[in-house]
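Student: These are the residues of each chain, in order.
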Amino acid sequence: MALSRIQNNSYEDTAVHGVRNLIDNGAMQVAQRGTTASGLSSIGLNTVDRFSGNSATAGSFTLTDEQSSDAPAGFNYSRKLTFTTAQTTSAGTRNQVRHNIEGYNTAHLDWGTADAKTVTLSFWVKSSVTGSMAVAFINQTETHSYVTDYTVSLANTWEYKTIVVEGPTVGTWNTDNTIGIRLSWDLGSGSTYQTPTSDAWVSGWYYRTSSSVRPAETLNATWQITGVQLELGETATPFEHRSYADELARCQRYCYVITGGGDWHTYTGHVQNSTSFLWSATFPVPMRAKASATFDNTNTQYIQGNNFNFGPTAFAISAISQETMYVNTTSSNMTQGHALAILLNSDNKQIMDAEL
Amino acid sequence: MNITNAQYQTGIDGSSNIIKATVDGTEMYIPTDPANRHYAEIMRQVEAGTLTITPAEEE
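Protein chains in written order, with numbering that gives the first Met the number 0: chain A, 0 to 355; chain B, 0 to 58.
Here chain B stands alone, though its shape is the one from the complex:
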């Protein structure tokens, strides 16, 4: 997967449990669920040092 523009989003409870990212050219909202294949790939790329997740914008 080609993943770019990853940024945490602030959810309804104020937590950052959603990531907005562009995956293979498509903008997606990706929950931080280890069973979600997009999140798993994001974390793999973060651990490999090839992707950085930007913190959420302050409200």
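Extracted from the complex, chain A is given alone in its bound form:
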């Protein structure tokens, strides 16, 4: 049987067989940092990977952030925010969920040129507060933004939303390993961030419209999102489900958490002097930039000779690249020149952060 034709007329110039979705972890599957965090005073990188927040001047609310198993059909997880203390909004309050897309992954959109391409954002949302809520597209330097509203019609009900945006022909839109596009879902920013013109590209840094409601002002308000997809073209296509392994690797470009989950992570090293030893680790994928390291030495062990020993008292980075790190570890009773192995316990986390 001859293969005569592959139909491709419904997705215009969108790559049907390649990677359509420019969003990492859009189904909220990966949560390396943890699955729940409570008592928060800002929306940040607390649970699901790649979905952060911006609430730098808020501080007037308290929040629980979860990777929730409540999700619409076809999905297993959502990101759920619960405002356990209602926000008191001032003009300068910022309160948004964000997803920053790396410039390498948005370069083909030609934003900031006469060839700027149209994109379509689609997502599922569930909110206890109904009404108009804002989504914004912003460049890294926050000199250009586009704000539009979507409507939550029914409380506590999953609803599917699509937003088509013509690409901007002006502004600087990075095409390297910095932020290409900032996506923002506003949950209660102040009047300072209210766009002068909705559904249009404007100069400046805006997150909401004059019609946008503020879920954060309602005690125990909940807001959930999943199935986030941003794609080339004017049509929202079905969500591109990628494998967990694929999504994890994508997320590890921005954050790598070394944690055991019941296993030991083992690395080899050598003793530098009587009070310190050095060990190296290779990251599973090259990271976006040289990462910030947060260490936890609780219950960590090392093997020198035939002896297990507890008690490295501190870790410090001695050298780091986008692929590897070399860690100086403070301990005691070391024998210079010995080789050793270090075993990182599953109870703690070493977090390498190269987020945008």
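Think of the hints as simulated: they come from the structure by calculation, not from any bench.
Among the hints, a few may not be true.
Said to hold, decoys possible - Pairwise CB distance ranges, derived in the manner of DEER restraints:
#: 1; chain 1: A; residue 1: Thr168; chain 2: B; residue 2: Thr25; range: 40 to 48 angstroms
#: 2; chain 1: A; residue 1: Glu233; chain 2: B; residue 2: Ala47; range: 38 to 46 angstroms
#: 3; chain 1: A; residue 1: Ser131; chain 2: B; residue 2: Gly48; range: 34 to 42 angstroms
#: 4; chain 1: A; residue 1: Asp109; chain 2: B; residue 2: Thr51; range: 41 to 49 angstroms
#: 5; chain 1: A; residue 1: Tyr159; chain 2: B; residue 2: Gln6; range: 45 to 53 angstroms
#: 6; chain 1: B; residue 1: Ser15; chain 2: A; residue 2: Lys116; range: 38 to 46 angstroms
#: 7; chain 1: A; residue 1: Trp263; chain 2: B; residue 2: Ala39; range: 33 to 41 angstroms
#: 8; chain 1: A; residue 1: Thr323; chain 2: B; residue 2: Thr3; range: 23 to 31 angstroms
#: 9; chain 1: A; residue 1: Thr150; chain 2: B; residue 2: Ser15; range: 50 to 58 angstroms
#: 10; chain 1: A; residue 1: Thr265; chain 2: B; residue 2: Asn4; range: 30 to 38 angstroms
Ideal Cβ placement from N, Cα and C applies to all residues, glycine included.
On the provided structure of chain A, position chain B as indicated by the hints.
Tutor: Same frame as chain A, now just chain B:
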């Protein structure tokens, strides 16, 4: 970001290309990479005059 206690660290090659700092209550080792968001914020605060980075301790 609330950043305090910033101090350069001496790396394996003797250079000061790592900063130890407390970021929002968490101690971190931050490479002096302009693409690193923590380093970018440190430099923004240094330029604004609201943060000072202590030199590395002598070995």
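Student: Of all the hints numbered above, which does this structure not satisfy? Sort the numbers upward.
Tutor: none
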